[in-house]
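Novice: Sequence:
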Amino acid sequence: MNLTLTHTHQADMRAAHGDGAAGVLVSGLVWLLAALVCFQWGVSQGVWTLLIGGAQIYPLSLVVLKLLGRSGKAGVDNGLNALALASTVWLILGCAMAYGLYRLKPELFFPAMMATIACRYLVFASLYGLRVYWALGAALWGAAALAFFVGLAPAWAAALGGAVEVAFGLVLGEAVVRPGRAEPRAHGGVDEARTAARV
4 MNLTLTHTHQ
14 ADMRAAHGDG
24 AAGVLVSGLV
34 WLLAALVCFQ
44 WGVSQGVWTL
54 LIGGAQIYPL
64 SLVVLKLLGR
74 SGKAGVDNGL
84 NALALASTVW
94 LILGCAMAYG
104 LYRLKPELFF
114 PAMMATIACR
124 YLVFASLYGL
134 RVYWALGAAL
144 WGAAALAFFV
154 GLAPAWAAAL
164 GGAVEVAFGL
174 VLGEAVVRPG
184 RAEPRAHGGV
194 DEARTAARV
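Residue numbers (this note's numbering): 4 to 202.
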């Protein structure tokens, strides 16, 4: 599939989704909830809290975006929509893999989920044109490695993943709502800098 992209595609994604801040923050809160459930009721309940809660991240993020006056939907002709969909498919497959690891060894679930989500955030660096997602992806990868090699208890692993996402979500959110911030140009604006990519 050939994709001819311009910088306005990324600007369109940033404008529609508020730099992705809402999704990162909501995801982090779901992780912290899963950690709390692990502490109180056990690993199995925490795992299902993350899986079921994770399915609610997108709709909850849309609510937040609407409250912030964002559309939550990029232009239908934005070539990056296909990349976003592909990353969602990867996320679903990664969740299935993580659940399979949980069935073998429960301690592996949260590190595997962190690694899966870290990969998706690396894709977000291209979706939004924001280098902060490279840092977020690397931070989550580091957290996953720490949880795996140190052998963190599942509750602490979930808490670590949630803390990383909440911290980055707040950083992204502060940039979005900062007074005087110039809004990114919407898709369809004039931008002669084009890049051609083959997927």
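These aren't lab readings, by the way, just hints derived from the structure by calculation. Among these hints, one or two may not hold up.
Label pairs and their calculated CB-CB ranges [said to hold, decoys possible]: (1) LEU71 / ALA170: 17 to 23 Å; (2) TRP44 / TRP137: 19 to 25 Å; (3) PHE152 / ARG106: 18 to 24 Å; (4) GLN48 / SER74: 34 to 40 Å.
Just so it is clear, the structure is predicted and the values come from calculations on it, not from any experiment. Positions of the beta carbon are idealized from the N, C-alpha and C atoms, including for glycine.
Novice: None of the hints should be skipped; say for each whether it holds.
Specialist: Outcome of the hint check:
no., hint, in the structure
1, LEU71 / ALA170: 17 to 23 Å, "holds (20 Å)"
2, TRP44 / TRP137: 19 to 25 Å, "violated (36 Å)"
3, PHE152 / ARG106: 18 to 24 Å, "holds (21 Å)"
4, GLN48 / SER74: 34 to 40 Å, "holds (36 Å)"
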